[in-house]
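Based on the sequences and whatever the hints tell you, model everything.
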Amino acid sequence: MNQQVATAMLLSRGHLVDVVSNGREAVAAVQRTTYDVVLMDIQMPEMDGFEATHAIRAMAQGRNLPIIALTAHALSGERERCLGHGMTDYLAKPFEGHELFAMIEGRRDPSAAPPVFAEMPMTPDRVDLEGFKSALREAGAGSAIGSILDAFISQVPGRLTTLEAAADSGNADATTRAAHALRGAAATIGAHQLAGLLQHVEVSAQEGDIGQARGGSERVLVEAATVLDFVRRDRDADVAPRAGSV
Amino acid sequence: MKILLVEDDAVARETFQAILVAQGHEVVTAENGRAAWDRWLLTRFRVIVADWLMPDMDGLELCRRIRARRRNRIPTSSW
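Protein chains in written order, with this note's numbering: chain A, 566 to 811; chain B, 710 to 788.
Do not rely on the hints blindly, as some may be mistaken.
[To be verified] Ranges between beta-carbon positions, derived for each pair: (1) A:A790 to B:E770: 32 to 38 Å; (2) B:Q732 to A:Q569: 41 to 47 Å; (3) A:A790 to B:R778: 21 to 27 Å; (4) A:R702 to B:M710: 19 to 25 Å; (5) B:P764 to A:R597: 25 to 31 Å; (6) A:D803 to B:A777: 45 to 51 Å.
I should point out that these hints are in silico values taken from the structure, not numbers from a laboratory.
A quick note: this is a predicted structure, and the numbers were derived from the prediction, not measured.
Using N, Cα and C, we set each Cβ at its ideal position, and we do this for glycine too.
The following block contains the structure:
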């Protein structure tokens, strides 16, 4: 199973996936981003999987991070070798989708949200509208919150239509631009999940993988609908008490 | 400080603008590189904050044009 197939399967299952091509990039990615699990090839150029695992284990955020080795052979002693290097478990290639899912989903924190986004609770990890608001208030720009959120509500539907059309037509360049345009708005108001999905679409399209970009766009539409609903309700709740007090 | 803010996304633009204005800066906005270039030709700015990927002249092209002019050394920042 190659990297693209594994990525597509994980995405279709509802997971978010960042792909890097060597150990050094893996260490940098773990430094930047919080992951639930790392799937690590052993034989890689620049820095191999063992070396990368050592580096990740040396970081505070990597001490307890599940790192699953993807090994090219199911030799006896291979598992022990991986565990000896600080990896959590191992999966011998080739593996089936269900084996991969069983391996990584068993690693999920039971209190963490299930992978189906539509059923996920509205946690600050997903949309941190309060964080956005308090950042603006701290900067002394709290009075602009309402108009910024209104701009978000009014522009997102049009941007989604543009993205969908670009992805459906298979135009990688237009898809990249449409995803990028929407990502800025999503990230600004703290819609992290949506921004993450858009980043995947943007990167996939940029790399010419229009199939993955199209699949990602479908998930963007679902998440964006939820976010829009959330922001609208927040605006209604914000406006209502003031209207009542007049 | 007089700042030229170049961003095609209204949500991001309004947010940056609100923050910069609240900090006491004078902010002129542009929705793309071309509009920014037009404003730059007319006015002197201390700082230009520009998005990178924009329709109708991106941040890179805007930066190239401004640097090519060498009218002054304006610090530019992009995201």
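Status of the hints after comparison with the structure:
1. Taking the beta carbon of each, A790 of chain A and E770 of chain B are about 35 Å apart, inside 32 to 38 Å as hinted.
2. For Q732 of chain B paired with Q569 of chain A, a C-beta distance near 46 Å keeps the hint of 41 to 47 Å intact.
3. The hinted window of 21 to 27 Å between A790 of chain A and R778 of chain B is violated, with their beta carbons roughly 46 Å apart.
4. A C-beta distance of roughly 22 Å is found between R702 of chain A and M710 of chain B, which places it inside the suggested range of 19 to 25 Å.
5. Taking the beta carbon of each, P764 of chain B and R597 of chain A are about 28 Å apart, inside 25 to 31 Å as hinted.
6. Our hint of 45 to 51 Å for D803 of chain A and A777 of chain B holds, since their Cβ atoms are close to 47 Å apart.
Violated hint for the displayed structure: number 3, the only one.
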